[in-house]
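Asks: With chain R held as given, fit chain X onto it using these hints.
Protein chains: 2
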Amino acid sequence: MGNKEVIGDGERGFAKGRWCPTKLVVFCNGVTALVASLRPWGKGAGGGTCHPPVLPKRSVPSSASSSGPASTMQPSRWIAAWLLLLQACPPGRSQQAASPRTDIRDCSVDPPYLPPTATNTTARLAALRDAMRAHSVHAYIVPSTDAHMSEYIAERDSRLGWLTGFTGSAGTVVVTLDRAALWTDSRYWTQAERQLDCNWELQRTTWIKSIGQWILEWVPAGGNVSLDPFLFSIDTWNSYSQALQGSGRALVPIETNLVDQVWGDQRPPPASSEIYSLPAEFTGSSWQEKVSGIRQQMEEHTRSPTALLLSGLEEIAWLFNLRGDDIPYNPVFYSYTLLTSTNISLFVDEGRLTAEARQSLRAGCPGPLCVELHNYSQARAHLQRYAQGNVTVWLGTEYTTYGLYGVIPQEKLLEDSYSPVMLAKAVKNSKEQELLRAAHVRDAVAVIQYLLWLEQTVPQGQVDEFLGARHIDALRWAQQHSRGPSFESISASGLNAALAHYSPSNTTRRKLSVDEMYLTDTGGQYLDGTTDITRTVHWGTPTPLQKEAYTRVLMGNIDLSRLVFPPNTAGRNVEAFARRALWDVGLNYGHGTGHGIGNFLSVHEWPVGFQSNNVPLAAGMFTSIEPGYYRDGEFGIRIEDIALVVEAQTKHPTGEEPFLTFEVVSLVPYDRNLIDVSLLSQEQIKYLNAYYETIRARVGPELQRQQLEEEYRWLQRNTEPFPLASTAAAAAATLGTLAIGSLLSVLLAGLQA
Amino acid sequence: MGNKEVIGDGERGFAKGRWCPTKLVVFCNGVTALVASLRPWGKGAGGGTCHPPVLPKRSVPSSASSSGPASTMQPSRWIAAWLLLLQACPPGRSQQAASPRTDIRDCSVDPPYLPPTATNTTARLAALRDAMRAHSVHAYIVPSTDAHMSEYIAERDSRLGWLTGFTGSAGTVVVTLDRAALWTDSRYWTQAERQLDCNWELQRTTWIKSIGQWILEWVPAGGNVSLDPFLFSIDTWNSYSQALQGSGRALVPIETNLVDQVWGDQRPPPASSEIYSLPAEFTGSSWQEKVSGIRQQMEEHTRSPTALLLSGLEEIAWLFNLRGDDIPYNPVFYSYTLLTSTNISLFVDEGRLTAEARQSLRAGCPGPLCVELHNYSQARAHLQRYAQGNVTVWLGTEYTTYGLYGVIPQEKLLEDSYSPVMLAKAVKNSKEQELLRAAHVRDAVAVIQYLLWLEQTVPQGQVDEFLGARHIDALRWAQQHSRGPSFESISASGLNAALAHYSPSNTTRRKLSVDEMYLTDTGGQYLDGTTDITRTVHWGTPTPLQKEAYTRVLMGNIDLSRLVFPPNTAGRNVEAFARRALWDVGLNYGHGTGHGIGNFLSVHEWPVGFQSNNVPLAAGMFTSIEPGYYRDGEFGIRIEDIALVVEAQTKHPTGEEPFLTFEVVSLVPYDRNLIDVSLLSQEQIKYLNAYYETIRARVGPELQRQQLEEEYRWLQRNTEPFPLASTAAAAAATLGTLAIGSLLSVLLAGLQA
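If you read the protein sequences in the order shown, they are chains R and X.
Note that the first sequence covers residues 1 to 753 in UniProt numbering.
Note that the second sequence covers residues 1 to 753 in UniProt numbering.
Treat the hints loosely; a few may be bogus.
With a straight-line cut-off of 20 Å between C-alpha atoms, the simulated DMTMM-like cross-links for lysine to aspartate or glutamate are [what the hints assert, rightly or not]:
| id | chain 1 | residue 1 | chain 2 | residue 2 |
| --- | --- | --- | --- | --- |
| 1 | R | K651 | X | E634 |
| 2 | X | K651 | R | D676 |
| 3 | X | K651 | R | E415 |
| 4 | X | K686 | X | E663 |
| 5 | X | K511 | X | E634 |
| 6 | R | K431 | R | E663 |
| 7 | X | K686 | R | E683 |
| 8 | R | K290 | R | E356 |
| 9 | R | K209 | X | E300 |
| 10 | R | K686 | R | D676 |
| 11 | R | K412 | X | E217 |
| 12 | X | K651 | R | D632 |
| 13 | X | K547 | X | D515 |
| 14 | X | K290 | X | E434 |
| 15 | X | K412 | R | E217 |
| 16 | R | K412 | R | E299 |
| 17 | R | K290 | R | E434 |
| 18 | R | K686 | X | E683 |
| 19 | R | K412 | R | D235 |
| 20 | X | K511 | X | D632 |
| 21 | X | K547 | X | D632 |
| 22 | R | K431 | R | E281 |
| 23 | R | K651 | X | D676 |
| 24 | X | K209 | R | D416 |
| 25 | R | K209 | X | E415 |
| 26 | R | K431 | R | E647 |
| 27 | R | K209 | X | D676 |
| 28 | R | K547 | R | E634 |
| 29 | X | K686 | X | D676 |
| 30 | X | K209 | R | E415 |
| 31 | X | K547 | X | E634 |
| 32 | R | K651 | X | D632 |
| 33 | X | K209 | R | E411 |
| 34 | R | K412 | R | E300 |
| 35 | X | K209 | R | E300 |
| 36 | R | K209 | X | D632 |
Rather than coming from a laboratory, the hints here were simulated on the basis of the structure.
Extracted from the complex, chain R is given alone in its bound form (with noise of 0.2 Å):
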């Protein structure tokens, strides 16, 4: 699956001509959904009028829910309401539509235009402006994220969808006495506009410059700033922080989240499924093994800390191989851990907690391997307790709010960007990776079968995007260990592919096609191991930019898979092997190339991957490697695969620590059908074939165990190697000799006769 770096999204919308436009494009919730021609003004055109869009043959409506953690919220009504507006949507309003203005909205007349998709907010705000006056507050910051900024939130935390109507998974708002604004970037401005009501300004970028900038305007000197201190990590507080410097406004963290409190009894209720030990099959050491290694860790560390404060979801669930429901598709609960050398304070729900749960976290009271439980809602005081002491706290700025970091004094502070557990967790040790490795085995069954699948049906012409997530889902759910996808199944068909993150819903679906080419990114969760993976395949003739693209696109996943490297080397430093082959021919694409992965965790693991904040590459680290090519309005291409970082052999070696390389775990062959052989070299084609002997060795008995004898012979025909130019050559030369020896034996045969 994607991640979240977009470079260079560009301006989405209805385009715009100097007079009348010239192309229309329909996004739904930031997915191109209708691509429309219109005649060029003055050519046909009476009376300065535009022309009507000019409807492609299958600009059918077909898109689009929303992408990130929006995407994990029930179908909302703006849906099915966007739909009608596109469905009814007279050419006269289009044309109005695509005049233009800077907004889809039309603010400056009475009564305002607005979509039918966008939310009455006028209550809310108005709510939120009275808590706001009760505590002496000119302005109020909501951000997208929730207290232990997790990347993807649970519908509860969505305080800026409920409060705006925008379910975008980025964005800022800062509501003051009698302005709101939205600040987000450019791949929801489409979205904003479609979801905003008049109340709210849309703000094209994100810098907290701006925002500050802002609030300079519109709160006057003397006014209060205030925010969720729980709600902003660190480094965000400090830039507002600065940002207000010297200006007569005040930041005032307010520990009463006022959306939470105008929201009321209307909000989610707080998570209550069950919080269970994961059986020791499938962890990579006890959890008391986990908290000595990192007693270890602050003993042997120069400033001696004499606790840990952990306040990432996935780091805690699994140091104490503990998971949850609390988050779609992310098995983690709500938690904070202040880990001493004596002590461990689990601040949690205790009632969720299975029997069982509670039994492990319990078995060694009293003593240093106790756990002692403490409500959720404690953390805090307690902390601040704690660090009333002869203490030193250790934490990882990058996901530690300032509602945590601001009550321990600075002096007590050890800071890193990430928690020496965040760090272990990112490598996996053998049993991990073996654990991990068996997942993507039976992960690869079911991405065969349903390759296989799409091969017999789509040519009848009943499959849909949606039809193909359902039923890529239903095959994971059936394989051992399953429970459930990773992350809402990415199921694209021709030009809605071109948007990286879309998913189909059961209103918006587009039919898949022989004639287009289909994305399938889906990934699972099973007990031993999370899997992400992307095919995109074709079923008749691609065009040759398709297939050129698609080739490419696989000679960097290659050219990256394979590549030697140092120890210490950051993934940014490498990620341009993935995109070289592209280049070559002024090809690329707009997101990162890759990201950590966890065991029965998270999708997106930090902090391993390719981006320019994730720590270098280490052996036991898993990550994604995923090059892509996206042709807006046409097709996308992408092609993910999980590679764990591992020793290399190298004919030099170093005689220190080991070069690195890259196993590739997942195991599914790419389409034949979109590779062109001419343009990959004998290396690429040798670690092509290998990769193929590895998928047969390692698939190939689980689909026989399985009893999938067709998928087995899908499997072989998908494997089978590719010829070297050189074997080919040898091939000829053999032939050549050959043939002169026949031509000798048929001479001599004469001579003799």
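Replies: Leaving out everything else, chain X in the frame of chain R:
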């Protein structure tokens, strides 16, 4: 010439066995000078004593002046003294020195054991401490930079070197009333141990945090920690400030430099040479055009800065088309500039300007293009007055000192890493590009003359490293527009090349031999451009490893040079292409991959290059590309070219900004004797052949114009195209056909007979 980023240089010095050493490595100022094997302890060693070293055959003491800025000084007495030590060193002494302790110095005995290369600093330190007491200073910090954060400094600015005796190019010193310590990186540990006396602790790290902790340990609360604010960048000041925050120690800037005060009249005098105008034929545009362009950027900036403060010596020289001679090899002059929308203030020693230069600057007086001349020392006072108004001052934080920065109120600052002048200078306009190209053609002539001369004279056994360096310098001087070398020529034979910045001296020189590799890294200053090129050669039979390593370094050079990449790509993200061929077999190099270069300015020109703090690559930038490989005690390889970033022709144009690639402007062929063609890919061979064609087309005519016929023939020989495999195969195939044809003829003739 290699830039300064050093990765994993490792610990150097005397090898330490558990009981007796098995290997003795002697470093001269950081350069391997002698490697001696010691027989293993226990075998034939009686009475528990260690064996004396067995000196290898070629281990004549052959080394090393210092590298970096220090190398620009007069050869100092310590080199001679140290050579004496090496040559006179009795076995007993060697054994003692090689015993397992952590410093060459032994300060625990009385009198202390010190190498003769150490400087007695007792009197200097006592005088400094008197000055500190007079200013109520309890710790004084001395850096190795000058007031412009120049990479190279003049002798007059070598305060750290004078105070400590340590001549390495990077370090920080802290002196308290009873302790003194030097912090430096691993390149310089051995050198520091040889040069410091027992007044100094050597701290083997450069982290400011570590310096801060040391200060907290040795300066009691209430103490004053002082420094010269004109020698610290903003960032460094902030780091010290943070390290001491809340500790009860105050960070107090003192404008009088205490080292200068103690140094007194022994300190070299200020530069007094002429500052002159560069003739118009050698400039990209007039200084007035440059100033207008910068003023336009100021106007268009959203913050509307009223002034621009320039502290970088290169940016001032470039802006005004002036040159000087204040720092060896760098044609710059000490100055500051404050450029406002209506005024231009240049702070410089006016008496040093030539009449012509003064006239150029004053031609527009009075008016907005009139340069007002102020004394260099008035910069701070002038800026302070200016900053009292309603102004906004734009500056580059990477190289502006706290001394200037501190006088501008925070809200009146507009901070960027680099000033717009620095960024404008980095992108050469078409005339500047042509000038640099032209300089490289003449520079190639000098280097080709040198390579031919080496080929002819080395076998006679009379050439040594120092003579070689002098010869290439002389050849460059003979070229048109030459202003001498652009840095101290690196001329390193055999094991001396294993250290990337080795330069020979009059007293330490290794003989060049057909049995060893030879590395020459040199550059020239020409009125039209600065050059920098490294070639590594072997006149005899290289070992298989030497040949493989050389070929892989070349493959890296080629792979980065021929890379096509999107606009706004950071060098850091693509520099691994220069390493991959080495990585493939477990090899690597420990320095950066390239740096910007000027038009008759610095050989290391920021902010262009492949390091993490460089700006993204853009068309018009020049950078070196210089992978290498170094094998301690054996040999060193580096292949360096200067390349211009140009627009690329791609098969699929993006329609937006064009993709980029490199045009190599260094025009000297590589050593065919060291290339293993079988390792090269077809694409690499094609690239190499095309590059050789360019060399022939551009350098050939210049060689003929200079009537260098022998060199011309050498060039033709050394730029013969390499055969492509397909051509070879085609040739073989043709041969095969011919053979069958002949065979048939023969047989048919036989039949007919």
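Asks: It remains to establish, for every hint, whether it holds in the given structure.
Replies: Evaluation of the provided hints:
no.	hint	result
1	R:K651 / X:E634	holds (19 Å)
2	X:K651 / R:D676	holds (16 Å)
3	X:K651 / R:E415	violated (49 Å)
4	X:K686 / X:E663	holds (15 Å)
5	X:K511 / X:E634	holds (15 Å)
6	R:K431 / R:E663	holds (16 Å)
7	X:K686 / R:E683	holds (18 Å)
8	R:K290 / R:E356	holds (19 Å)
9	R:K209 / X:E300	holds (19 Å)
10	R:K686 / R:D676	holds (15 Å)
11	R:K412 / X:E217	holds (18 Å)
12	X:K651 / R:D632	holds (18 Å)
13	X:K547 / X:D515	holds (13 Å)
14	X:K290 / X:E434	holds (18 Å)
15	X:K412 / R:E217	holds (18 Å)
16	R:K412 / R:E299	holds (16 Å)
17	R:K290 / R:E434	holds (18 Å)
18	R:K686 / X:E683	holds (18 Å)
19	R:K412 / R:D235	holds (18 Å)
20	X:K511 / X:D632	holds (18 Å)
21	X:K547 / X:D632	holds (17 Å)
22	R:K431 / R:E281	holds (9 Å)
23	R:K651 / X:D676	holds (16 Å)
24	X:K209 / R:D416	holds (14 Å)
25	R:K209 / X:E415	holds (14 Å)
26	R:K431 / R:E647	holds (16 Å)
27	R:K209 / X:D676	violated (55 Å)
28	R:K547 / R:E634	holds (14 Å)
29	X:K686 / X:D676	holds (15 Å)
30	X:K209 / R:E415	holds (13 Å)
31	X:K547 / X:E634	holds (14 Å)
32	R:K651 / X:D632	holds (18 Å)
33	X:K209 / R:E411	holds (14 Å)
34	R:K412 / R:E300	holds (17 Å)
35	X:K209 / R:E300	holds (18 Å)
36	R:K209 / X:D632	violated (50 Å)
In terms of the numbered hints stated before, the structure departs from hints 3, 27, 36, listed from lowest to highest.
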